[in-house]
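Visitor: Protein chains in written order, with the numbering used here: chain Z, 3 to 192; chain A, 73 to 334.
Keep in mind that the hints were calculated from the coordinates and are not lab data.
Note that CB positions come from ideal geometry on N, CA and C, so glycine has one too.
Incorrect hints may appear among the rest.
Covered stretches of chain Z, as calculated for chain A (at least 3 residues, CB under 8 Å) [as the list claims (entries may be wrong)]:
#1 10-18
#2 29-36
#3 111-120
#4 143-155
Only some residues are given here: those of chain Z computed to face chain A with a beta carbon under 7 Å [as the list claims (entries may be wrong)]:
#5 Y25
#6 L50
#7 R94
#8 V137
Cβ-Cβ distance ranges computed for the label pairs, FRET-style [as the list claims (entries may be wrong)]:
#9 Z:P154 - A:V172: 25 to 33 Å
#10 A:R86 - Z:H40: 21 to 29 Å
#11 A:R193 - Z:P154: 37 to 45 Å
Single-letter residue listing:
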Amino acid sequence: MDSTTSSPREREQRFRDVYDAAYVDLLRFVRRRVHPTHAEDVVGEVMLVAWRRLDDVPADLSAARAWLFGVARKTLQNTRRREDRTDAVAVRLAEVLRGSADTGHHPDLVACRVDIAAAWPLLSGSDQEAIALSVLDGLTAPEAAAVLGISPTAFRLRLSRARRTLRRQVNSVTAGAPLPGHPASERSPR
Amino acid sequence: MRRHSADTVAAALRDLDPAPSTELTQAERDRADAAFARIVATPCDEPVPEVRGRPHRRRSRLLVAAGLAGSVGVATPVLLLGGGSAYGSWTPTPVPLTDVVAARAATTCRAALDVPDRGERVAVAERRGGWTYVLLAGPRTEAICLMPDDLVGQDPTDRRESFGSYDMDPAAPPTLDPDRIDENTNMQGNTDEGWFLWVEGYVGSDVTGVTVHTSSGLDIEASVSGNRFAAWWPSSKQSSDHPAETWSYTVHLADGSTRRTR
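Just chain A, same shape as in the assembly (with noise of 0.2 Å):
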């Protein structure tokens, strides 16, 4: 087995970049040029095409996931995926939580993800078991953090074990038929206590709740508030023995019916 130094696997990466230092040929140069007075000769007003535009689902980002460092109360434990004990105090089912909660939950969010409020609503703020998730939703940003009850309220520099994930540039709401739903985003994340998966999304006017269906078996009664909804459950790291999680939605509307969305 060969070992290299962390200098030669810098220095190996370098000689293997597929766009090494190099000046303009006169060629690209000229193309450069043409494409700059294209640019410029545009009206600067006008709203960008599709760079901002919406995926139907797209995926956040692990933006924090350092240790635990305390210990975080478990109520009571259920079977998880894999006969793990991670996220034992875990619930299927949401419990909501007070705007006095909520606002302080979304400070902590805020100090832990260094995002500055710009009036972002809290559009969804849950707890299941020992775990308190809030998302913030605004025009310029959105956040998401998941966080161990006794963090909420808490200078989240002083502790490290929060995580979440933000977007300085989020797409518009979608326009959806009032008995549809809309995933914004997916994420697989970790923690020391394992491995996560969460999901959110918009909801059309008629849904009044959302169940998710895993792969792994559970069913989980998602937060449904306003236009949004949310849900995370404890999962497995992707790996051969266990291949990439799914899952299907069951949406409730106000009539009292139910439709079944992949």
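Isolated chain Z, as found in the complex (with noise of 0.2 Å):
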């Protein structure tokens, strides 16, 4: 507990402070994580915990915003169907976009882009979390670890061989011999 709120409107304040510094991060970081349509829902569900849970978010709104990604996560491992829970979360990525919207982007990157399409859905929900955690969402190694619920030195240890997974699968994507995609460390529960 970081920090604890005696009135009702002190309480309120605070609560509208998180509520406006991490609104539209957490709504980032839900959107990549399941449909869009749903986004607003699942963000809603999460600052309702936080609001009564509000002296356990942390005073830091950087470490409070990593809470909320870890409330988050739980938030949509519990609504999944059992036969799909896993401990990871997969992350999705946009559609390629190919013709006019990639005028202008240096062809490396564009064929880059092209090849981590193909790769992405064969790393295991693991390590697309530890990835987009680090590239997408934007959190230190200590704040993606509080959201994993692990700790930083092994995030870091995931991270790393989670970007080693995914150069081996583009490479495998480039060389023209895609792999089929077997979580490393999930496995379906029984």
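Two chains, two frames, a set of hints: combine them into the complex.
Guide: As structure tokens, then:
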């Protein structure tokens, strides 16, 4: 517990501060992981948790954002069908835009986008999650570790492995020999 | 074959962000404001619904799986999955730890995971060959560690071979019928010794023993202590050649009967 808010007015103001500071980032975090039409509902659930557990929300806004991401991740896990339940929450990428959308971009970058888009689905949810937390969600290692409930050291290990796996998959894709995707440390619940 | 630099990969990933940085539209802002108003209109001291709820089976998190620097005492090699020599000292029957050793293992586990002592109890502490397993349980934290025996009582910051997981927001224990068990987590992880699987969960009041039967043909006696059970075993990396391993349980009851469960 990082801070305690006393009066109702102070409590609401503190929640307003957290809400305003984190809403957009939280919405983006969720949109990367669920269909966009469901994202606002999930954000509403997460913010309700934050309101009711406001004393548990870190005072630092950056840390509070990571705390909210962690709640969102758990919310997404718990709303899955049981058969689909895994520890990791898979992350989707945008469709690769071709033609005019690539005009003006460096050919290497365009090629890389195509390769990554092809390799990404071959990664485990855990690998996707580690990379996305770092690159897309913009979290530091301690913040990403807090989202996942692991230590920063463990997150760095996981991220390093995920990056290696992505490189390997990208190279496989570009070599014209796509590999079947088999999560390394994930398995389906029985 | 094209090879891309790390910077190019990162830039490409950001280009593929399905939720790029943007301002809220007016409609989105209106909905956000409406949601805020609804939320602050609710009592703030009610229990949080379901977000912290218990899945029947939830999987834990691989926390540390660093290289094994030291040698682990190998006792009786057993035939393991795929004929490998991973976890060669592993035994299907656990040896319970004394309270003193269990406390030392708990201390090492907390240090390895950087988890503060919030008064968690040692729910399960066992040894299988050269490996020590400890499960710490409390209302605010649950932590699990699997470590070489020679790491017990040592400073894990000097040696990196412990691995485990923790949950800082554990669900409340389930209410079970006396003859039932509930698998709480299962996890696959690996070290330089190879891959492993562990399971842990809760047992009803009449349960005296739990046996795990794996699709690879192992019969493993789980540790049962209080209302918890736990077991782990050497496994194989999931691949097209080694699809996901499955397992079932035999539950041993106080009246001497057994019950098979999926």
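Visitor: Determine for every hint whether it applies to the structure shown.
Guide: Here is how each hint holds up against the structure:
1. With 4 residues carrying a beta carbon less than 8 Å from a beta carbon of chain A, the segment 10-18 of chain Z meets the three-residue requirement, and the given coverage holds.
2. With 5 residues carrying a beta carbon less than 8 Å from a beta carbon of chain A, the segment 29-36 of chain Z meets the three-residue requirement, and the given coverage holds.
3. Look at the segment 111-120 of chain Z against chain A: 7 of its residues bring a Cβ nearer than 8 Å to a Cβ of that chain, three or more, so the hint holds.
4. With a threshold of 8 Å between beta carbons, the proposed coverage of the segment 143-155 of chain Z by chain A holds, since 5 of its residues qualify and at least three are required.
5. Contact between Y25 (chain Z) and chain A, as hinted, is supported at the beta carbon level, the nearest pair being about 6 Å apart and thus within 7 Å.
6. Taking 7 Å as the C-beta cut-off, the interface hint given for L50 (chain Z) holds, the closest approach to chain A being about 5 Å.
7. For R94 (chain Z), the shortest C-beta to C-beta distance to chain A is roughly 6 Å, which falls under 7 Å, so the interface hint holds.
8. With 7 Å as the threshold, the beta carbon of V137 (chain Z) comes within range of chain A, its nearest partner Cβ sitting at about 5 Å, so the hint holds.
9. Distance hint for P154 (chain Z) and V172 (chain A): a CB-CB separation of about 31 Å, consistent with the stated range 25 to 33 Å.
10. At roughly 23 Å, the beta-carbon separation of R86 (chain A) and H40 (chain Z) lies within the given 21 to 29 Å, and the hint holds.
11. At roughly 27 Å, the beta carbons of R193 (chain A) and P154 (chain Z) sit outside the given window of 37 to 45 Å.
In this structure, the one hint that does not hold is number 11.
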